[in-house]
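J.: Build the full structure now, drawing on both the sequences and the hints.
Listed below, chain by chain, are the residues.
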Amino acid sequence: ETGVTQSPTHLIKTRGQQVTLRCSSQSGHNTVSWYQQALGQGPQFIFQYYREEENGRGNFPPRFSGLQFPNYSSELNVNALELDDSALYLCASSLGGAGVETQYFGPGTRLLVL
Amino acid sequence: SQKIEQNSEALNIQEGKTATLTCNYTNYSPAYLQWYRQDPGRGPVFLLLIRENEKEKRKERLKVTFDTTLKQSLFHITASQPADSATYLCAQVGTGGFKTIFGAGTRLFVKA
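These protein sequence lines map, in sequence, to chains A and B.
Heads up, the first sequence is in this note's numbering, so the first residue is 77 and it goes up one at a time.
Heads up, the second sequence is in this note's numbering, so the first residue is 568 and it goes up one at a time.
Hints in this document: simulated from the structure, not taken from any laboratory.
It is possible that part of the hints are untrue.
Stated by the list, open to error - If you want a taste of the chain B side facing chain A, the calculated C-beta under 10 Å gives, among others:
(1) 573
(2) 605
(3) 667
What the hints assert, rightly or not - Simulated DEER-style distance windows between Cβ atoms:
(4) 582/B to 160/A: 18 to 26 Å
(5) 676/B to 96/A: 36 to 44 Å
(6) 572/B to 139/A: 27 to 35 Å
Every residue, glycine too, gets a C-beta built ideally from N, C-alpha and C.
T.: This is how it looks when you write it as C-alpha cells:
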C-alpha cells in the first residue's frame, strides 16, 4: 500500500450535478496530482498542486477545479457533470513539485455519471 | 503534441518465458521514462525509472531499456509468473516537468 487514500471509492451522479473527490497524500509529501482514467486508457493529467498552489494543468475545462489544504490533502471538484466524465479518478502524491520522478497513487474513485 | 504509444493488443505468454513490452514516444525527448503496473480497479504502482543517459536499468526480474535514437523503451519481465498478469503503463514527464503523460498500457496475461 502507498499510504495514499481516496474517498469515496465509488460514486453515482446524474448529468449536471457537481461532485467533490478527496485525497490524502502520503505522509511528508507536499505535491498532489490528479488524473482521469477512462476505461481502457492510460491516466490523463488534470492538474497538480504543490504547497497549496496549482502548479500546472492539463487539457481539462475550468469546471474541473481543485484545492490543496495546509496538511497537503486535496480535493477535486467537477461542476456540471457530463456523461463523458464517467471514469476512474486517481490522485498521486509526491515530494518536490515539478520534475517529480516517483508518484504514489491512491486506489482511485470510480465515478459514474448517468 | 507529446505522445506515448504502447501496443494496445494484449500480450499472452507462458509462465517462465520472458515478456517484452514496447513503449514509443514522439515529438519530445524526455529526460526519463517511467514504468508502472496497474491491476484492475487499482491505482498504478511505480516500478522503474530510466534516464535518457542510461541504456538499461534492472530491478529483480525486471529490465528496462531506453533507446533515444529509436525513441523507444522496452520493458522485460524474465521468468514470468501468473502473478505478473496486469496492465503495464509507460509514462514520460512533459515539458515544464510537472505533467506526466501516460500511454494506454499493455495488458499482459501469463498462463500457468
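J.: Does each hint hold? Answer for all of them.
T.: These are the hints, each one checked on the structure:
1. Of the supplied interface hints, the one on residue 573/B holds, with its beta-carbon coming within about 8 Å of a beta-carbon of chain A, less than 10 Å.
2. With a cut of 10 Å, the hint placing residue 605/B at the interface with chain A holds, because the nearest CB-to-CB distance is about 9 Å.
3. Proximity of residue 667/B to chain A holds as hinted, the smallest CB-CB distance being about 6 Å (cut-off 10 Å).
4. Between residue 582/B and residue 160/A the CB atoms are about 39 Å apart, so this pair departs from the stated range of 18 to 26 Å.
5. The hinted window of 36 to 44 Å between residue 676/B and residue 96/A holds, with their beta carbons roughly 37 Å apart.
6. At roughly 30 Å, the beta carbons of residue 572/B and residue 139/A sit within the given window of 27 to 35 Å.
Taken one by one, the earlier hints fail for this structure only at number 4.
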